[in-house]
Every structure is written in structure tokens, then in C-alpha cells.
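Line order of the protein sequences matches chains A and B.
Straight run, no breaks: the first sequence in our numbering ends on number 400.
Straight run, no breaks: the second sequence in our numbering ends on number 415.
Hints should not be assumed to be uniformly reliable.
In the DSS-like style, the derived pairs of lysine-lysine whose C-alpha atoms are separated by at most 25 Å in a straight line are [stated by the list, open to error]: (1) B:Lys66 with A:Lys320; (2) B:Lys65 with A:Lys320; (3) B:Lys49 with A:Lys373; (4) B:Lys156 with B:Lys49; (5) A:Lys361 with A:Lys373; (6) A:Lys361 with A:Lys388; (7) A:Lys361 with A:Lys320; (8) B:Lys65 with A:Lys361; (9) A:Lys388 with A:Lys320; (10) A:Lys392 with A:Lys320; (11) A:Lys373 with A:Lys392; (12) A:Lys361 with A:Lys392; (13) B:Lys207 with B:Lys49; (14) B:Lys66 with B:Lys156; (15) A:Lys361 with B:Lys66.
No wet-lab data here; the hints were simulated from the structure.
Since we're looking at a predicted model, the values are computed, not measured.
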Amino acid sequence: MNDSDIQIAIKDIIAQIAPDEDLSQLDPAVRLREQIELDSMDFLDIVMELRKLYGVQVPEADYKELATLDGCVNYLRPKLAGKTLHCAARV
Amino acid sequence: MPERETIVISGVGLASPNGNSLPEFRANLLGGVSGVRPWEIRHVGKTLAGVCSFDPLRHQSKKELRRGTRAGSLAVYCANEALADAGVDLGRYDPARVGVYTGITEHGNVETENEIHQVSQYAFDLAYWSHHHNPRTVANNPAGEVTLNLGLKGPAYSIGGACAAGNMGLIHAAQMLLLGEVDIALGGGVSEAIHTFGIFASFKAQGALAAHAEPARASRPFDADRNGIVVSEGGCLYVLERKSDALRRGARLLAEIAGWNVNSDGHDFVLPSAEGQNACMRGALAHAGLAPEDIDVLNTHATATPSGDEVECAAIRAVFSDSPRTFVNNTKSYIGHAMGAAGALELAGNLPSFVDQVVHPTINLERLDPRCELRNLVANEPRKISRCDHVLNMSFGMLGINSALIVRRPRA
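Please model the entire structure based on the sequences and the hints provided.
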């Protein structure tokens, strides 16, 4: 698993949460909420999907780490280590 | 007392198991086309239901659809279609003066069952219980989703009236217009009932769930072989406005509200009462200043339960036995019981009778139960009548709530 796989897995979740958005042009360094319509309820959905798909618990204090795609990758890399990623977006 | 201002219906949007617009619905009611089909639901398994085929993405984004409920989707679809049908440009109205009143039998069972199923997959760890549960299950959800979709800011909420609710959404809309609280009202009912196993299971436990080898023949009000209710989803919302406002904007009128009554049996949790229904019909006639013989079409509530149909027929005979010009029909024989949407949908199917003087029949009536004999019951084939000035629409619900609504042919 490399960082690209993790990014695809995260985008896969975002694609479900924000199905009207075009994610192909996302800048990984820019806050997600500045690029696509994503509110706090959507954000909680992302956290829920990480919990359901990968058993990853994201405590509220860490939510800020998920503000950008790069932030997500950095934060989730150790938590996803050794897990099989669901990457529908890749195919 | 000053004369009451007339409230009119100037548009209708509907999603029925056998039609996604009034013209399609009406054509299928005249053509004997059922909307009942095989259905499978968690824990209950294979059963039957009235299933809608409208395209929710016609008026909602994918995200709205994901966030909201089926009842919300039905309401949003119907609201948009009704406004378009009425030729209402919301931009010309103060959004705070637009009301939405969605009749519901129940709301929230679907979403609660889904969450319980969800957490059951995770050993009932409530960390997996969705934050969407509350906004999806609040009673105002369907009306609220309409306000979000259309940017409305007026009073918008549900009218909880069990299966009498569809009429009540219209009645409340008329009342709000008469009170001067709103200038345009969307009123009617919605039902997402086929997505909750609990409703099927409860009717089954009560011995009131229909079963038949041929789905289209399962809902058979008044028939000797009827064996219960076909549960359905659906929605129907009307645009209502004061007649003076409607005429000023050159609106086409579908009907005028003539009178109504909502009452309670005060009798039983589930058993209907001919006495209560009788009082409701008479109350609506009195409110409209009409006699039974003024009613040309009477749409029955009959759900095809053995006792319910019999009680209703007794109530109708008591009020209309001396009214040879009143023709009686039923809509659930085509679409099953659309619960909170039932009254609103069933009224819609009869509105074209003001124009074509044709009464759509009740179908699946092969062997009339003698206890359900009614004069002028229009069975299996449409019936042309000489005039159609008034339609009486009846809906009854559990805990003994009854609603009757009378609409009349628009007057110039």
C-alpha cells in the first residue's frame, strides 16, 4: 500500500458522500471544503465510513488532520497499515 | 359570519405506483392498470407492494437524495411537479408566505429500522449509529425537505393523521390560506411505508396483509375473497390558493374546496366505526352546505380488509341510500394502500371527472361481498355519468381518525 492507494481509498469515500462533485481536479494540499461542497454532516460521514470500512477510529480532536487529502493520507497511513483498501474509484 | 373565501386547487404533483403525473395516473385508472407488484423486504421476505417509479433525480441532487428520506424525495418530487402544473413562479412570492403540509401516517420507522440493522452488523456498537438518524426521522422531515429543496421559509410541517392524513394535508392547507397565514400552500400526503418491514409485519400479525398469486389482483375492496391490505408508497401534493389570488394570476383551476370534516371515533385502536365515519361524512356535507344527493362521486377509503370494508359500506348506505345520483368507487384496488398519501392520491384520480364526467371504477371486484353492497358502485369498467359537480373523498385511520373532503367543479 502506498500513499496513492490511500488517496484513492479516501476519494472513493468522498465520492459516495459528495456524489455530485467532480473529484478529478482536487488539489491534495488545499482544504477539501474549499474545493467541494462538504459540510460538517458530510465530514462525519467520512469519519463513519473510515470506521465501517477499516475499523479506524478518528477522535474528534483529530478531525483537523483530515482537512486536506494530503492531511488524510498522512494521518491515515499508520492506521491503515496492513489493511486491504477498497478502491472502487481506481477501476 | 362573513362568507368564507373560496380555496382552490390549481396544481397537482403525484407519484403513484401506477403513474408519475395526473394524466398518466388517470389513464391507468380508466384502463384498469394496477401498480401492485412483488416486493421483498428484510425480515418479512417476499410479499406485495405498490411501488413507485418516479425519477427522484428530476428535482433532487444525488447528495440531497443520500441525505434525505424516501418520504422526503416523494414530497420534493410532488411539490416541484405541482408548482409546475399550477404555473406558479415561486420567485413572485414571499418565501415566508408559502406553506407545506405533508400528511403522514407515520414517519421514521424506515430510518430507525435501517439504523438498527446497521448497528446489528457491528454488535450493536452505537458508534455506528448515523448522525443522520434524527434529521431523517423528525416528523416534519418530508415537508422540511421540500423547504430545503425550494428555499421556502414559511410554515412547513407534517400532519400526522394515520391513513386519514392525505385529506388532512389539503384541509390544513385550506385552513392556513383562510387564516391568511400563507399565500400559497402545498398540501397533501406522502408515504414511504413499503420500506419499513414493521408495517408489513404488523398487518400480517393482525391478519390484515393481502396475499394473492397475481399481484395485480391482490387488492380487492368489496370482493368476497378480499384478504387484506397491499402496502404502498406514494405521494401527492396540491397547490392551493385563495380563489381571488388564483384568478388574478390567470390560473387554471382543477377544483374548489367545498367542505371538510375531521373527527374521531373515540372507540378503538384499530377497529373502525360506522357511526364515526357517518358523522364525518355528514359533517363534511354540512360544512359544504350540501345534501347527499349533491355528491356525484364518492371515493371510498376501503382497504380490502374483511371488516373495514363492511363497516364503511354500512356508513355509506346510512348516508347515501336515498341518493341515486351518487356513484361510488375506490382507488386502492389499483395501487394498494398508500397510507399518508392515500387520501391525496385518491382525490387526484377523480378530479378529471369534473371535465370528462367519467367515474373510474374499482377493479378486482369479481364476486361482490353482499355485506358490501352499495348502490351505484362502479365496478371494473368506467362509467359515464350525466354530471359531475361534487366529489367526496373519504379516508380513515387507526385510533379512529376520520377525514372527509368535498371538492367541487370550478365555477367561473
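Each hint, compared with the structure:
{"no.": "1", "hint": "B:Lys66 with A:Lys320", "verdict": "holds, 16 Å"}
{"no.": "2", "hint": "B:Lys65 with A:Lys320", "verdict": "holds, 17 Å"}
{"no.": "3", "hint": "B:Lys49 with A:Lys373", "verdict": "violated, 47 Å"}
{"no.": "4", "hint": "B:Lys156 with B:Lys49", "verdict": "violated, 42 Å"}
{"no.": "5", "hint": "A:Lys361 with A:Lys373", "verdict": "holds, 20 Å"}
{"no.": "6", "hint": "A:Lys361 with A:Lys388", "verdict": "holds, 14 Å"}
{"no.": "7", "hint": "A:Lys361 with A:Lys320", "verdict": "holds, 16 Å"}
{"no.": "8", "hint": "B:Lys65 with A:Lys361", "verdict": "holds, 22 Å"}
{"no.": "9", "hint": "A:Lys388 with A:Lys320", "verdict": "holds, 17 Å"}
{"no.": "10", "hint": "A:Lys392 with A:Lys320", "verdict": "holds, 17 Å"}
{"no.": "11", "hint": "A:Lys373 with A:Lys392", "verdict": "holds, 23 Å"}
{"no.": "12", "hint": "A:Lys361 with A:Lys392", "verdict": "holds, 13 Å"}
{"no.": "13", "hint": "B:Lys207 with B:Lys49", "verdict": "holds, 13 Å"}
{"no.": "14", "hint": "B:Lys66 with B:Lys156", "verdict": "holds, 21 Å"}
{"no.": "15", "hint": "A:Lys361 with B:Lys66", "verdict": "holds, 20 Å"}
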